[in-house]
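Undergrad: Here is how the chains run, residue by residue.
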Amino acid sequence: MKLGFQLAKSFLSSGKSQTIFIIIGIAVGIAVQVFIGTLIMSLQKSLVDKTIGNSPQIVIYNKDGINYNEIIKEINTEEIEYISPVLNNNIAIKLKDEVLPVFLKETDIKKANNIYNISNRKFIGKLPVKENEIILGTSFNTKIKENEIITLINKNNEKKYKVVGFFDLGVSSINETFAFSISNENLKINELEITVIEDKLFEVDKIKEQMQEKLGKDYEITTWKEKNESLLSGLQGQSISSIMIQVFVVVSVVLAIASVLTIMVIQKSKQIGILKAMGLNRKTSMYTFLFQGLILGVIGGILGIIFGYLLLKMFTTFAVNDDLTPVVPIYINNTFMIISLLISIVAASVSSIIPAIKSSKLNPIDIIRNN
Amino acid sequence: MSVIKLKGIEKNYEKNIKVLKNINLTFEQGTFNSIIGQSGSGKSTLLNIIGTLDKPTKGSLYFDDKLVDYNDIKSLEKIRNEKIGFVFQFHYLLPEFSVLDNVLLPVKIKENKVTKEKREETIKLLNLVGVKEKLDKKPNQLSGGQMQRVAIARALINHPKVILADEPTGNLDSDTTEKIYELMRNICYELKTTFIIITHDKKIAEKADRIVEIKDGKIELDIDNK
Chain A
1 MKLGFQLAKS FLSSGKSQTI FIIIGIAVGI AVQVFIGTLI MSLQKSLVDK TIGNSPQIVI
61 YNKDGINYNE IIKEINTEEI EYISPVLNNN IAIKLKDEVL PVFLKETDIK KANNIYNISN
121 RKFIGKLPVK ENEIILGTSF NTKIKENEII TLINKNNEKK YKVVGFFDLG VSSINETFAF
181 SISNENLKIN ELEITVIEDK LFEVDKIKEQ MQEKLGKDYE ITTWKEKNES LLSGLQGQSI
241 SSIMIQVFVV VSVVLAIASV LTIMVIQKSK QIGILKAMGL NRKTSMYTFL FQGLILGVIG
301 GILGIIFGYL LLKMFTTFAV NDDLTPVVPI YINNTFMIIS LLISIVAASV SSIIPAIKSS
361 KLNPIDIIRN N
Chain B
1 MSVIKLKGIE KNYEKNIKVL KNINLTFEQG TFNSIIGQSG SGKSTLLNII GTLDKPTKGS
61 LYFDDKLVDY NDIKSLEKIR NEKIGFVFQF HYLLPEFSVL DNVLLPVKIK ENKVTKEKRE
121 ETIKLLNLVG VKEKLDKKPN QLSGGQMQRV AIARALINHP KVILADEPTG NLDSDTTEKI
181 YELMRNICYE LKTTFIIITH DKKIAEKADR IVEIKDGKIE LDIDNK
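Quick note, the sequences are listed as chains A and B, same order. Numbered according to the numbering used here, the first sequence spans residues 1 to 371. Numbered according to the numbering used here, the second sequence spans residues 1 to 226.
Just so you know, the hints here were simulated from the structure itself, not pulled from any lab data. Wrong hints could be hidden among the right ones.
Within a straight-line C-alpha distance of at most 25 Å, the following computed PhoX-like cross-link-like pairs (lysine-lysine) qualify [to be verified]:
1. B:Lys55 to A:Lys283
2. B:Lys66 to B:Lys161
3. B:Lys137 to A:Lys16
4. B:Lys74 to A:Lys358
5. A:Lys283 to B:Lys137
6. A:Lys9 to B:Lys113
Here chain A is said to cover these stretches of chain B; the calculated rule only asks that three of the stretch's residues, wherever they fall, bring their Cβ under 8 Å from a Cβ of chain A [stated by the list, open to error]:
7. 19-29
8. 82-88
9. 134-148
10. 177-185
Using N, Cα and C, we set each Cβ at its ideal position, and we do this for glycine too.
Pulled out of the complex, with its shape left as it was, chain B reads as follows (with noise of 0.2 Å):
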């Protein structure tokens, strides 16, 4: 079953510069899916048009077989709510706040209240992802793979159905990175969430079910790597 499919997506900036040239893809649920390509290539924007927090020039963007309708806001709030899941390369944790809090953001964010039964449920997903016993600390007093795990369980806490990731572990030593794939796997079975990661790793890359490889906005590869 298709969770997201994108048809004919294009993007310009400013001066005709093309972006994104006539994408089409579609991810399946609960598949590990990895975009690769030089920087430069569109990876991002394609991402970041995935996640709808940038608006395609052309083309349409579906859901669960929903076209995505980007005038009405209400609508993809919700989506980016309860729907997908955001890793960024820089975390992007709120300073604010504790390792625990961070992670409700997003519940809180669509009910407004934390429940005592989601209170236990992000304990045992900060315990899934390793930094159980840092969930008082403040982001600044967590080292960039603990922050990045904690980034990965903020992202599933509404069991969103898609996690998209941009270069996830791209500041972060090798080992770590290794730690931070296995774990993201191991959910993606688990709890059949789709994964679409940037990285521009190739290694990485190739451990996941599909490499689609974006170079200068088109579609260059698309290996089913299973």
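For reference, chain A alone in the conformation it holds in the complex (with noise of 0.2 Å):
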């Protein structure tokens, strides 16, 4: 094994030109999966969190009310990120002269924080810290000035709040209609709010099933994925075009360096020949050529990983908008990295098998013969 190593690295080592082109062609196929990966996950990554990254991804909901300490017992926490009990009351706002529906959402206002990210994105304002403080949609400052007094009625009764703030949440729909206020501690609630940790938002079905089974049908569960089947089918159909593409670099990497291997089976068919002569056994004349390939695929795959890097840092730099924020955020995966330089390992590990059994065939005569 040692003896196929040396031998490897010196038939690499002696044909420098060859060596470098293919380590460039390695690495340059590795670069472009790495890059087209990571952009096609950050992309995914940006969409998804912009569409439901700053809403609750499993919703909770019993028309007759929810305990919350009784489901907080019965569901497995570990998954979640956040949980926020809420009452939502469909009702309106009744100014001077038009009555607007609004759906308010009575909560602990640090939770539904930590879930709608509320004060961190455009925010006018204070969040209510008080039980008759409310806070509106961005689309209602058109009508409704800060701290104005407003009334909310219901079919039985009116109260009236101050408005202390004005969120937007980036969707013009939750803009127009919702209204968070602080909830009582005794108040009823009829909703739970969820987000989950980042690993298993794509598994909220999972998640839901198993919440299903042990609060039974009494209790409404929706998640993220049922409310955007068709983001869900474009993630879809991207994340297979992004595969395809991956796998098809992979493959010409592949090609490349087994017809590069074979020419230098050629090459050296009169070293292998000799050596046999001498005694070499098949085994370490296979190693010869698997040793190359791994060579090349670790070197190759390396730099591929820092010109991907590369030209993503490029990507980042140059592809941005007026605001110079980059067009696609770019999150770097370190498993999807580790990964790509597996794949370049293994795929030039399997491409140096043909040439390896090659060289294991060759006969010394042949070549003794033939001088």
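Join the two chains into one complex using the hints; note that each chain is given alone, in its own frame.
TA: Below is the structure:
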């Protein structure tokens, strides 16, 4: 094995320009794979973040009310990032000359802020701290001013609130209808809004199943996936096309290495013949080419990841919006980088199998006889 | 004591071309043998068969009275590595390696590692063949005679019982040829290594202990020349 490695090293370093070209070839291939893969993943992450990142990903609803403490005991909290108990009310704001429908969420505002990230977005004013304080979607700001006292009405009663702020959650339907106020501690709640940890974002359907099993049919559970089916199918389509591109890039890398190593077997057939005449066994002659594949794969893969990283840096530097933020915010995923390196190593090793077999089958007498 | 024995060796190529016909030969340990014959007479084929590189169509080959089994590739590889040293007309040094590493290749094939003692022995051997000062050089930095000396050192490093040489001086001038033969003869007597050398040069052949002449695939002459 050691001799196989030494021979591999010396064969590769004897044809320096050939070796450099193939390493660059592998590196470019892996760089493209890293770039495309990371770009599509980032695009998806940013899309998902924009669409569902700042809203509940699972909602548990019971029209008869929810006992928060009992539910917490039932559900598996390991997968949950934030949970916010809410009382939802479809009511209206009575203004001088019109009535505006509003979807009021009475909640613990700190917990709601964890889910909706209200205060870190475009926000005017302050979060409510007292029971009769309210914040409204930014669309209301055209008709209602900050610190104005408004009247909320439902079927049976009216209640006055002081408007302390306006939020912008980036979705116009929410900005036009949502309002948050502080919940009374003894208030009955009818909904739990939940966000899950990042790794489990795409497993919400499984989490829903487990919750449904434990809580029973009285509870209506909805996930972000059910609410965003078209987004989901778009993401899937994108993932498949990204994987297809990556597969074709890797296939072309495999073919490139295989062809170079096959030529190398022919170029070095004289040396292999001589070594076999000196007693080199078939295994070692195979290792010689397997190690060449491995060396090319490791060096090409590492360089490829560096090139890919630089490409991504260039992309975030040059492909920017008017406010200089990148068109697609790039998320470097270390696991993906390591997987790409492993793909490069495996691809290079696999593509060296045929040349290795060819070399093991070389008969020294053919070399000696033909000089 | 016989090192190599050939019994009824025949070699046919395609279309029934008979290259060797019923060859029976025995080579004793520590002897210096030459095989002569015109080109196409079958002498190189015979040497390749003795070296287990080529397989006879018929007949048997014995190393130390043990029959060579051509189906047992591992044992063939072991014989080539440990019992035989080859010296070819075109030296066949590996251009990627230094002189020292070229000579050490059979050691690495045999033991997969090189001990300090083996390295020192290699340097002594390179000294014996007269190219010690070139040990760090690449083969392409040497003259034809120097390369052939390195090839002889490489053939000797695993202490084989037999050195097979096919026109080892075919590419060298007469002065160098004479020196190389003198070197091989000295090694033969000092190390008790059997030498079987192919040459078309009768003058050189005459200096061997035994001359075997091959003609049309048969043994034409087998002279004891001691």
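Undergrad: State for each hint whether it applies.
TA: Against the structure, the hints:
Under the criterion of a C-alpha separation no larger than 25 Å, the hint pairing B:Lys55 with A:Lys283 is consistent with the structure, at around 21 Å. Distance check on the hinted pair: B:Lys66 and B:Lys161 sit about 14 Å apart at the alpha-carbon level, within 25 Å; holds. As the CA atoms of B:Lys137 and A:Lys16 are separated by approximately 19 Å, the hinted pair is consistent with the 25 Å bound. Taking the CA atoms of B:Lys74 and A:Lys358, the gap is near 18 Å; set against the 25 Å cutoff, the hint holds.
Annotation: proposed proximity of A:Lys283 to B:Lys137 is violated, straight-line Cα distance about 29 Å (limit 25 Å). Restraint check for A:Lys9 and B:Lys113: the C-alpha separation of about 16 Å stays at or below 25 Å, so the hint holds. Beta-carbon proximity to chain A at under 8 Å applies to 0 residues in the stretch 19-29 of chain B; the threshold of 3 is not reached and the given coverage is violated. A stretch counts as covered by a chain when three or more of its residues have a beta carbon under 8 Å from one of that chain; for the stretch 82-88 of chain B and chain A the count is 3, and the coverage holds.
Check result for the stretch 134-148 of chain B against chain A: violated, 0 residues qualifying (beta carbon to beta carbon below 8 Å, three or more required). Only residues whose beta carbon comes within less than 8 Å of a beta carbon in chain A count, and the stretch 177-185 of chain B has 0; fewer than three means the coverage is violated.
The structure shown violates the earlier hints numbered 5, 7, 9 and 10.
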